[in-house]
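Residue strings, one per chain:
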Amino acid sequence: MKQIIMLLVGLVSFLSSNAQELHLGATVAGEINTPSENKAKLGYSVGIKGEWNLADVSKGWFVEASAMFKQRNWKSGEYAYANDESHASAYWAYSTYSVEIPVNVGYKFPISHSVSLFAVAGPYFDVGLTGKDKAYVTNLKSVETQQTVSSNVFKDNLLNRSSCGVGLKAGLQIAKHYQVHVSYMQGFSKMFKSTQGIDGKNRDVQIGFSYVF
Amino acid sequence: MIHKKIFPLLAACLAFVALTAMFSCSEEDVFTSEHSEQKGIKIATMGQFFSQTNGITRSCGEIAEFSDMPVLQFKDAATFNATVSKLKSLSKEERASFMKTIGFDGAEQILCKADEELDSIFEIEDETQFETSLKEYQAKYKGIVAFDESDTYDVTPYLTFTDSSMTLVGNIKGYVVIGDKLIAPNNNTPNYGSVNVSVVAKSSMAAGPIQPGFRAFVNSSLTIKNGKYKSTMTLGRIVNGNSFAIKFVTKKKQFLWKKSVNASYSLNLGMSGNKGSHSNNVICPYGKDCTILNTPVETFGNPINVTVANFKSSRGNATGNANFKNVQIQ
Chain X
1 MKQIIMLLVG
11 LVSFLSSNAQ
21 ELHLGATVAG
31 EINTPSENKA
41 KLGYSVGIKG
51 EWNLADVSKG
61 WFVEASAMFK
71 QRNWKSGEYA
81 YANDESHASA
91 YWAYSTYSVE
101 IPVNVGYKFP
111 ISHSVSLFAV
121 AGPYFDVGLT
131 GKDKAYVTNL
141 KSVETQQTVS
151 SNVFKDNLLN
161 RSSCGVGLKA
171 GLQIAKHYQV
181 HVSYMQGFSK
191 MFKSTQGIDG
201 KNRDVQIGFS
211 YVF
Chain F
1001 MIHKKIFPLL
1011 AACLAFVALT
1021 AMFSCSEEDV
1031 FTSEHSEQKG
1041 IKIATMGQFF
1051 SQTNGITRSC
1061 GEIAEFSDMP
1071 VLQFKDAATF
1081 NATVSKLKSL
1091 SKEERASFMK
1101 TIGFDGAEQI
1111 LCKADEELDS
1121 IFEIEDETQF
1131 ETSLKEYQAK
1141 YKGIVAFDES
1151 DTYDVTPYLT
1161 FTDSSMTLVG
1171 NIKGYVVIGD
1181 KLIAPNNNTP
1191 NYGSVNVSVV
1201 AKSSMAAGPI
1211 QPGFRAFVNS
1221 SLTIKNGKYK
1231 STMTLGRIVN
1241 GNSFAIKFVT
1251 KKKQFLWKKS
1261 VNASYSLNLG
1271 MSGNKGSHSN
1281 NVICPYGKDC
1291 TILNTPVETF
1301 GNPINVTVAN
1311 FKSSRGNATG
1321 NANFKNVQIQ
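From first to last, the protein sequence lines stand for chains X and F. All residue numbers for the first sequence refer to our numbering, where the first residue is 1 and numbers rise by one. All residue numbers for the second sequence refer to our numbering, where the first residue is 1001 and numbers rise by one.
Just so you know, not all the hints are guaranteed correct.
Derived DSSO-like pairs: lysine-lysine, alpha-carbon spacing no greater than 27 Å straight-line [claimed, not checked]:
1) X:Lys155 x X:Lys193
2) X:Lys75 x X:Lys41
3) X:Lys39 x F:Lys1251
4) X:Lys41 x F:Lys1259
5) F:Lys1086 x F:Lys1113
6) F:Lys1325 x X:Lys39
7) F:Lys1253 x X:Lys75
8) F:Lys1247 x F:Lys1325
9) X:Lys39 x F:Lys1113
10) X:Lys155 x X:Lys39
11) X:Lys176 x X:Lys59
12) F:Lys1312 x X:Lys39
13) X:Lys75 x F:Lys1086
14) F:Lys1225 x F:Lys1312
15) X:Lys75 x X:Lys134
16) X:Lys108 x X:Lys59
17) X:Lys201 x F:Lys1086
18) X:Lys190 x F:Lys1259
19) X:Lys41 x F:Lys1086
20) X:Lys39 x F:Lys1086
21) F:Lys1312 x X:Lys201
22) X:Lys41 x F:Lys1253
23) F:Lys1247 x F:Lys1312
24) X:Lys41 x X:Lys176
Here are the in silico distance ranges between beta carbons for each label pair [what the hints assert, rightly or not]:
25) F:Asn1326 x X:Tyr184: 19 to 27 Å
26) X:Ser162 x F:Leu1256: 31 to 39 Å
27) X:Ala55 x F:Phe1255: 43 to 51 Å
28) X:Ser58 x F:Phe1255: 37 to 45 Å
Keep in mind the hints are simulated off the structure, nothing from the lab. For glycine and all other residues, C-beta sits at the position ideal for the given N, C-alpha and C.
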């Protein structure tokens, strides 16, 4: 956590020192969380972003960094517990909150006076804050019950608190302030603790909107 | 006058007969009951033998609360072994009948009674009344039987030990007395893990059952094709637990694109190894992704040979068969 805070402070300091080229903004995105080996559910992210134009280096290039508060949701496949035609089964639903910091390098292509296309790519780092794991068990009488397995999946050593991956994003910037974008983020690290023996890496598909000042 | 002489004489005779009978009983072998087949067995209480700790794995302090609990006292080890052998050859009902003749409720009978009691509670439709009855039930059997701690909603009663012999002759805590020594069950571990595959190992911190997970065995997968649908079964095991499992997936393909679709599956699975073999039908209900089998992974030894026959998906009529040789259980 300290490393993340220091990274943030460093990033803000760096961007502040280049304030003429810095544009701050706000972002909100809806997303489909579809981790590998698991099933998709909807989530969201909201946060702030900064864009630093690299006009001195090459026109059109920019660096983008964000600090996003993120809720991810997903569920496991369904396990049938009985070796017959009964309906005893269970699945697990996860909901996590985390802070995600994507740092991207991108390029803008002007397609008219007020509209630009842009594409970015770069790594992201994610630090889990808290999260829940609930089991939904259907008994032999087809009655489903819900049970909280963990109220803090990171503290209870079910999921890895930190993760990283890469993201790709493409979108339109309209009237210099408004951005509509689609992005895909692929995790490199396993979500579950190795002791859980469950595979699964983050995969998020986002549709978002940003306002850049 | 005659009456005055006869009554004292009759009274004296009766007293003599009574005393004779009493002494004959007390001098007789204390292990003899009215049934010859239960000769050498009598009912005592555990507290009588707390000073004799041979074979007890727990300290007397820990079982002191059960000092009044009845326990079967066997005359000697031979009697104990003979009784266990006899009971093993009987059906559950016959064992219950045997115990009834002694006038003793053993572990098996009390567990059965507790289970039946729970069954009747589960028939209660009113939720409030159900929960009240369930709480009373749990309080009644607290410390007597074990409940699955990894699943607070599973109230199935289990024995607090796994010793199969003591299940037959022990009291509800698994104790017997041989000679004058109180003998504890060999394994004082609740037995829910050994009989219920739906129990999965829990995390050190998590409060409930955690996701079982799945690990596929190498070269143990079979795919059938039904037009645009491809259904695959993969034999493996659950990771957080000890059972074989089969993962199923069906994908529909259109041009280059594909998507997962729900289906139900059935197959006949045969597994054999150096410890034995078994074959049975496996069904995965519609919409489920993985069937956890009621078979621990060590059942057949390692490696195993697997035969899959008549693998079918609800997405078509195609069937598949396969033999997987020397499958390593990981």
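Here is how each hint holds up against the structure:
For the hint linking Lys155 (chain X) to Lys193 (chain X), the alpha-carbon distance of about 11 Å falls within 27 Å, and the restraint holds. Between Lys75 (chain X) and Lys41 (chain X) the CA atoms are separated by roughly 7 Å; this keeps the pair inside 27 Å, and the hint holds. For the hint linking Lys39 (chain X) to Lys1251 (chain F), the alpha-carbon distance of about 14 Å falls within 27 Å, and the restraint holds. This hinted pair checks out: Lys41 (chain X) and Lys1259 (chain F) have alpha carbons roughly 16 Å apart, not beyond 27 Å.
Distance check on the hinted pair: Lys1086 (chain F) and Lys1113 (chain F) sit about 22 Å apart at the alpha-carbon level, within 27 Å; holds. Between Lys1325 (chain F) and Lys39 (chain X) the alpha-carbon distance is near 32 Å, which puts this suggested pair outside the 27 Å criterion. This hinted pair checks out: Lys1253 (chain F) and Lys75 (chain X) have alpha carbons roughly 24 Å apart, not beyond 27 Å. Distance restraint check for Lys1247 (chain F) and Lys1325 (chain F): the Cα-Cα separation of roughly 19 Å lies within the 27 Å cut-off, and the hinted pair is therefore satisfied.
Restraint check: the Cα-Cα separation between Lys39 (chain X) and Lys1113 (chain F) comes to about 43 Å, which exceeds 27 Å; the hinted pair is violated. The hinted pair formed by Lys155 (chain X) and Lys39 (chain X) meets the criterion: a straight-line CA distance of about 23 Å does not exceed 27 Å. The hinted pair formed by Lys176 (chain X) and Lys59 (chain X) meets the criterion: a straight-line CA distance of about 15 Å does not exceed 27 Å. The suggested pairing of Lys1312 (chain F) with Lys39 (chain X) holds, with an alpha-carbon distance near 24 Å, which does not exceed 27 Å.
The suggested pairing of Lys75 (chain X) with Lys1086 (chain F) is violated, with an alpha-carbon distance near 51 Å, which exceeds 27 Å. Of the pairs offered as hints, the one joining Lys1225 (chain F) and Lys1312 (chain F) holds, with about 10 Å between alpha carbons and a cut-off of 27 Å not exceeded. Pair hint Lys75 (chain X) plus Lys134 (chain X) holds up; C-alpha atoms about 9 Å apart against a cutoff of 27 Å. A threshold of 27 Å between alpha carbons decides the hint, and for Lys108 (chain X) with Lys59 (chain X) the separation of about 9 Å falls inside it, so the pair holds.
Proximity of Lys201 (chain X) to Lys1086 (chain F) is assessed by CA-CA distance (about 56 Å); at most 27 Å being required, the pair is judged violated. At most 27 Å may separate the alpha-carbon atoms for a hinted pair to count; Lys190 (chain X) and Lys1259 (chain F) meet this at roughly 24 Å. For the hint linking Lys41 (chain X) to Lys1086 (chain F), the alpha-carbon distance of about 58 Å lies beyond 27 Å, and the restraint is violated. As the CA atoms of Lys39 (chain X) and Lys1086 (chain F) are separated by approximately 53 Å, the hinted pair breaks the 27 Å bound.
Restraint check for Lys1312 (chain F) and Lys201 (chain X): not satisfied, since their Cα atoms lie roughly 31 Å apart, outside the 27 Å limit. A distance of roughly 23 Å separates the Cα atoms of Lys41 (chain X) and Lys1253 (chain F); the hinted pair therefore holds under the 27 Å criterion. Only pairs whose Cα atoms come within 27 Å are accepted, and Lys1247 (chain F) paired with Lys1312 (chain F) is accepted, the gap being roughly 14 Å. Under the criterion of a C-alpha separation no larger than 27 Å, the hint pairing Lys41 (chain X) with Lys176 (chain X) is inconsistent with the structure, at around 33 Å.
For the pair Asn1326 (chain F) and Tyr184 (chain X), the beta carbons lie near 41 Å from each other, so the given range of 19 to 27 Å is not met. With their beta carbons about 36 Å apart, Ser162 (chain X) and Leu1256 (chain F) fall inside the hinted range of 31 to 39 Å. For the pair Ala55 (chain X) and Phe1255 (chain F), the supplied restraint of 43 to 51 Å holds, since their beta-carbon distance comes to about 44 Å. At roughly 40 Å, the beta-carbon separation of Ser58 (chain X) and Phe1255 (chain F) lies within the given 37 to 45 Å, and the hint holds.
Comparing the model with each numbered hint stated earlier shows that hints 6, 9, 13, 17, 19, 20, 21, 24 and 25 do not hold.
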